[in-house]
Structure formats: structure tokens, C-alpha cells
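There are 2 protein chains.
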Amino acid sequence: MNLERLNAHLDASFDRHLERLREFVRQPSISGEGAGMQEMAGMVRDAIRGLGGSADVVATPGWPVVHGAIDAGRPKTLLLYGMYDVQPVEGEDWLVPPFAGEIVDLPEVGRSIVARGVYNTKGPLAGLFNVLQSIQAVDGRLPVNVKFVIEGEEELGSRNLPGFIQAHKDRLRADATYFPFFCQDRNGKPVLWLGVKGIQYFEVSCRGGGWGGPRTRGVHGSNAVWVGSPAWRLLHALATMMDDEEQIRIDGFYDDVAPPSAEDQALLDNLSKTFDPETHLAMWDAERFKYRLQGAPLLRQYLYNPTLNIDGIWGGYTGPGMKTLLPHEVRAKMDVRLVPEMQPDRVREKILAHLARIGRSDIAVHFYDGYPPAKTSVNEAAVQAMIRTLKALHGEPEIWPHLAGSAPFYLFREVLGQPFVMGGLGHGGRPHSPNEYATVDGVRAFERSVARFLHEFAAV
Amino acid sequence: MNLERLNAHLDASFDRHLERLREFVRQPSISGEGAGMQEMAGMVRDAIRGLGGSADVVATPGWPVVHGAIDAGRPKTLLLYGMYDVQPVEGEDWLVPPFAGEIVDLPEVGRSIVARGVYNTKGPLAGLFNVLQSIQAVDGRLPVNVKFVIEGEEELGSRNLPGFIQAHKDRLRADATYFPFFCQDRNGKPVLWLGVKGIQYFEVSCRGGGWGGPRTRGVHGSNAVWVGSPAWRLLHALATMMDDEEQIRIDGFYDDVAPPSAEDQALLDNLSKTFDPETHLAMWDAERFKYRLQGAPLLRQYLYNPTLNIDGIWGGYTGPGMKTLLPHEVRAKMDVRLVPEMQPDRVREKILAHLARIGRSDIAVHFYDGYPPAKTSVNEAAVQAMIRTLKALHGEPEIWPHLAGSAPFYLFREVLGQPFVMGGLGHGGRPHSPNEYATVDGVRAFERSVARFLHEFAAV
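As you go down the protein sequences, you meet chains S and F in turn. The C-terminal residue of the first sequence carries number 460 in our numbering, and the numbering is unbroken. The C-terminal residue of the second sequence carries number 460 in our numbering, and the numbering is unbroken.
Pulled out of the complex, with its shape left as it was, chain S reads as follows:
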């Protein structure tokens, strides 16, 4: 693999590459709503076939998985994991339409594609296909054999991915799994996350019933004086789950939480030297963290503390002006981020036990599919190949024991028994928010880094 010639080819092709990336984000694919999902799966399948690989859109009980392979006749094989679905945009206020793929000069980061999914994660996915195409154009064949698992339900908690991986275990074996992602922060610092948290998403709803309250419809608000309120009932129940200091008060919730391992503690100590709290506060639009901590102790809270988050809450009259109403139902969407050693089934049990303990088992809980956290050692060959890549192209990466976000990487680690690595150069931001973006320069850097990583990994 001639990296010099390859980089020249990437540069010469960049306008075309960028257009292809914009095509990917122009195709809506909101898994929570359904629009465009089949079309997007087809685009991914065609991209793999366009590289001479085999590829199929494989049905699941939910949105299909795109499964494919390119046999390059090489000794090593990489499983490429990705997703073609994105988050909803409903109710969000965007600078440009979220599915137009427009390029905007953003004040703090420069020329960027502003579009839903461009960062999380159709931008990196399109970039990956661009790189593979350039390598084939320059070298004739890829430096490793590749397999693809591109799912369409990551934003729904990857609910059918476990079944797919179990069913196709033998066809997915590889030396490592790679998840391409833009991993530079807004100052350009490359970051490498060695794992992910797990997640348990759920929805609670409280409505009138045997305990009181209106059962099937909101009623005139004056009745709140003698008919029970599902809104107050839910609020009080939720308030018992979390105290005013945001410490979770569900019995036994912290029982399974493991402290950092020795390897993680060393990474944490190292990380605290370069960790820049101001960059994170700016990214997340906050004036301060909720803990009065700094450095390693703050990072330890961030990475090893579970959350109980209210993603959304709604009920009753929410329109303009006044309407007096005693609502019959109030609902909330919530999630728990699972840190090392926590398991989703245990979390589910504890939430239900808590509601029973406070006498609120009438509050209905719908659990979405959850999954545990997953980690890879910094010593794995694939991880070392990524570290060498980032060092060669940019400089020492900032290594995080894991990410605060979630992805179902336990499937690669535990079911397929292979290490995983995520990353690449490039910068994006505002995932799950309006004006999600990826910088144009970042896409260019990303493509070079993926090419280099494949080279490094093949050479081990």
C-alpha cells in the first residue's frame, strides 16, 4: 500500500467524496419514524457492491441490517461496524434544513456540513466507503479483507442487532471490529475511546385508575381539588428516584458499579493531564459541571457513575395560552447509562422494585432493549494500530478508558470474542441536537486516517 500515492488520490477525489457524503446525509433515515430507511439501506448495500463486494439487506423484526464482505485475499480481516439510521429532528430549530446536506461557515469551527447524521454517523460511514474506493483505485485491492455489519436501529438501542450477530456469528469472525468515527475535539485534539457505556432506555406513564385520577380523558381543572392528579403522582414517584443533588435513590442501584480497573486508573491519571474541561463545557453548552470536582475525580464521575436521565416528559395541555385541565396521563422517557459491571436486566429489576417499594406499581414502565457496557484493552493490536495512525498523522491522542455514550459493542467483545476499536481523525458535533455538523477539513483528515489505519492494522 503506497500511502503517498493513496493520499494524492484522496486529495484529487475529495470534491467527489464530499458530494457522496452529502448524498448520504440527504437521504433521511430516522429509525424512530421510518421515513427513508429502506432507501438508505439500499444506498449502503450499493456502496459495498460498488466496491466489488457481496452485500445484502438482511431483514430483521425491525429495520434491516446491511451485511457484506470483500475478500481481498489477505491474511487479516476487519469487521466494519456502522449504522445507517439517525435521530429524529421533530421540534428542532435548524439553521438549514436537516436533510439538505448544506455547507455552512460555522462561527467557531469553520466550513461544515450541517445535517442530521453527518457526525452520528453517516458522515464517517460515507467517508469509509470513499477510502476503500481510493485504495482499490490506487492499489488494486484492499490491504485487509473486510466484512460489514451496518445496522439501522442503533438509535433505537440496536434492538435486533443481538439476534443478527448470534445468527450470523460464523460469517462475522474477524481479527477485530472497527467503528469509523470523527474523533477530534473542536480544538483538533484526537481522542481515542477504548469502550462505551451500556444503556437501558424506558418510558414511564402514570394515568388515573384504582388509586384515583381521571382514567380516560383530561377533565376540567377545577376537579384537581378532589380528584387525584396523575401529574403530581408521577412527579412524586420520580422525585424519589433521584435526590436534589442528582444522586440516584433507587435501592441497590450502585451495587454493581465497579471502580476503575488498574489499567483504567492509569489511563485516567494520564488523561487528566490533557483533559480540558472548558472544551467540554462549551460543547455541551453549560456554564459548569454538576460536581464541584476537577481532573481525575471529575473524569471518574463522568465515566464510572451511572445516570438516570429524563430525556423527555409530557402530559396535559401544552399549547399556547391558558387551559385548565386535570390531565389523565403524564409520561416520561428516561434512560440509565450503564457503567462497567452493570447489567440491563438488573437495572430493570431495581426500577420496578423501587416503584413497588413506594407503592406506585400502577405506574407503567415500558423498557426498550438495553445492553451492557463494553471495553477493549489499550494493548490490543487494533488499538495500537489506531494509536500509531493518530500519532503519525497528527500527534499523541488523548486516550479515554471509554466514552460516556453508548453503543452495543458488547456484541463484538462478548459474542464474537474479538477486540474492537473506534475512531479516526475528523471533527463533528451536536449529535442528537439541532445543527449537527462535521467540518469539511475534518472529513479530509478522516479519510487519510482511515487509509493509514488499514495500513497499520494490516502490517501488524
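For the record, the hints were derived by calculation from the structure and aren't laboratory data. Careful, some of the hints might be misleading.
As the list claims (entries may be wrong) - In silico negatives: residues of chain S with every beta carbon more than 12 Å from chain F: (1) Met1; (2) Gly188; (3) Leu192.
To be verified - Label pairs and their in silico Cβ distance ranges: (4) Gln343(S) <-> Asn187(F): 55 to 61 Å; (5) Gln247(F) <-> His366(S): 27 to 33 Å; (6) Gly91(S) <-> Gly163(F): 35 to 41 Å; (7) Gly163(F) <-> Ile103(S): 49 to 55 Å; (8) Glu39(S) <-> Phe14(F): 58 to 64 Å; (9) Val365(F) <-> Glu33(S): 53 to 59 Å; (10) Ile103(S) <-> Glu287(F): 34 to 40 Å; (11) Arg186(F) <-> Glu39(S): 52 to 58 Å.
Beta carbons: idealized from backbone N, C-alpha and C, even for Gly.
Given the structure of chain S, go ahead and fit chain F onto it with the hints provided.
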């Protein structure tokens, strides 16, 4: 006034009268949203002019008031109060379109007009005009002089009515104020309310700021582990205002609450003999009351206890499926129903003082215009005329010291210094809810009762 001939005329005109009532409810007039308000005010003005009265649509800083008068050359004058606005229908599930004025055979109450506003209160308003027209047709002139104040902001807390009444005080003087309303319960029992509660409606919102939390946009939910949550912050603040038994915990909130007067206590004791809790539970769709009380003690809670109600709450992601989000803002609409001796300004002060006391003054509170409760003695001539009317046409009415709902009747009592009376036969239900209705037979009975009431009042 020949009541026999008049009743015959009402009967003969009933099909036409019903059509006119349906025209009133077919004209949308949602004050909270604005559609149709001017048209509806015009219809009311034209109805008064059609009776030979003077009438104007008088501008206010909000929706106009329709002001009119018919001088019948009689010794007594009645001020007719009403409203031409209705509640929103957004997000509600109706059997028939809410502004079609359709007639439906409802399982428990029979043939009914199902439409927004038909009960609360364009049905009674149209019925009133029908009656006045029939009296003129039969007798040539009305038995009393009438004045009209028909406002368009009752559902917004009558925010510009005080200014209007103050400004036109001298032109509004009358011997009493009458508010026409369908006052039979679903079993046919006529009910007479001698007053109303006051109300203070408000909106609270909590967003990220100096205390922490995202300030301008929702951010990726994984940040909930280290960035504060406006949702939890609002929930905890609200939970301190009301305990789990729905007792209000705002300092001094009950200070101004007066016990029933001697007259009210006598009414309450009497009322408890005919009060039927099952009918009320059915009307408000509940299995039980929130107090384990019966008879007079339950009624005392209902009528003399203030409420703190959550009319609506919303924030974050409320669409289908999963979206992990740390919302930057969560809001709630709330109201306090004021019982005798409570004043809206004192309520506002106490709410703000409570937020300050718990260190949550960052939670913004927007107060809508509020007003105090109002009561009329059972011994007033206008009230006695209504009691005689109901007795003559149907039987002994159930007399309530006041209603749990709110209306700005303090303006008539305190500013104009005149007694008020509300009521009439007729039955409707589901105010502020989907499938608001009024029975067709009830409209017929209402018209007879209004005619009789005018006769009784004139004869005093």
C-alpha cells in the same frame, strides 16, 4: 308576559332555535389561538342588533367585548354576562369534528349537540338570544331592560374584562347580573351555584444557566452524568410545593383561606342530603376521590380548599421511539383555584417566596392575570327568582354555596356592586375536554327556564 303563549312559541320555534345554536358552535372562536374571534364577536353583536338593541364590538388590548343594551322601558334592568370564546381542541380525540355542530346519540345522555363550546358556553348564549326573540314576538317587548357584556377572553382568565368594566361602570349598572348556563346534572337534577372560585394561572420554566445545565439547546443524553438537568431541577422544585398526599406545602398558602360562613355551612349541610358522589365521579371519569371523606366534609374540601394543579408539563424529546437527550428546558402550566378570602396577588407572592426559599429563583414564573372568588347570598332577589323558576319547572334545586370552577364574577359583585345569579335548566358536559356536549332536550328546557326567570325577576 303570557308564559303559556310564550312556551307555545318556543316549542314552535325550536327547530329554528336549535339551528341557530348550531351556527354559534360551528363558528370556531378559540381565544388562545385567535381563529374566528372577530367573526364570532360579530355574530354576537348582530344577534343583539337583531333584537332591536344597540350593540358594539368594543376593542380591548386583547379580544373585544361585545357591549349592548335593549331598553324595554321597564323598571328593572338585568346585565347579561356571557363569553363568546372557547377552549382549544389541539391534540384531542373527538367523535365528530369539534366545530361541525353535529348531533350525536350519546350512550348515557341521549341526543346531544357534540361541539366545542356548546356547553361552555355558546350553547346557553345562543339559547338566551332565542328566548329574547320569542318574548318579543309574543309580548312585543321584554319584561326587563337588558344590558350585555359578552367577553372573548374568559378562557384566558378574562384579562381585559376588569379594565372594560371599570371604564364602562356607569353604563353597566343594573339590578343584577345574570350568567345563563345549563345547570342540570346528568340525572336531571337542577343545580344552583351561588358563586365561583377565583383563579391564578401561571407557567413555570426551568432552563440551564448559572446553576448548571445546557443553556440553549438539548444535548446528548450521556452528558446527564456531569451536566445538571433542568428536568430534574424543575421536578424537585415542584415536588416541594405539594406533598405526596396532595397537601400544598407553600409557606402560608392556607393563611387566607376562610372557613364556610354560617350561611354557607347551612347550605352545605343541606346540600349533603342530595349530593350524589357517584354522579360526580362518573362526570369526572374517576374511580374515587382523593379524600376518604363523604357528605359535608367531602364537599367542604371541594369548595373551601385551594388547589395547585398541573395543567400540563413538557420538555425534551416526546416523539416516538428512543432519543437520548438532556433537555435544556422543561415547562409546566399550573393553576391555583382561589377559595373565599384568597387574593391572587397574595398567591403570586407566596409562590415566588417559596421558590426563593428553596433556592430556585432561577425558575422563571409567568403569571397570567388572576382574579379572586365571588359569592352572592341565597337571599338576593335575583337568586330567589331563579329558585322559584327551577321549583316551578322542575322541582327543588340543589343549592351549592359556590362552584369549584372560576369566573370573574367579583367584577359584578365588587366593582359594579350588584348581585349575580347564574343558571337555568339544561344539561351539558365535558367542558375543556373532547366531546363536549349539550343535550337537545336540555336546550329546550333551558329556553323555558330563561323565559320564566325573566318573568320571575321582573315580578319581584
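Against the structure, the hints:
Separation of Met1(S) from chain F is adequate, the least Cβ-Cβ distance of about 36 Å exceeding the 12 Å criterion. Separation of Gly188(S) from chain F is adequate, the least Cβ-Cβ distance of about 20 Å exceeding the 12 Å criterion. Leu192(S), annotated as away from the interface, keeps every beta carbon of chain F farther than 12 Å; the closest lies near 17 Å. Range check, Gln343(S) to Asn187(F): Cβ separation about 57 Å, and the 55 to 61 Å hint holds.
Taken as a hint, the range 27 to 33 Å holds for the pair Gln247(F) and His366(S), whose Cβ atoms sit roughly 31 Å apart. For Gly91(S) paired with Gly163(F), a C-beta distance near 36 Å keeps the hint of 35 to 41 Å intact. The hinted range of 49 to 55 Å is satisfied by Gly163(F) and Ile103(S), whose Cβ atoms lie roughly 53 Å apart. A C-beta distance of roughly 60 Å is found between Glu39(S) and Phe14(F), which places it inside the suggested range of 58 to 64 Å.
Between Val365(F) and Glu33(S), the C-beta spacing of about 35 Å breaks the proposed range 53 to 59 Å. As the Cβ distance of Ile103(S) to Glu287(F) is approximately 59 Å, the hint placing it in 34 to 40 Å is violated. Between Arg186(F) and Glu39(S) the CB atoms are about 54 Å apart, so this pair conforms to the stated range of 52 to 58 Å.
The structure shown violates the earlier hints numbered 9, 10.
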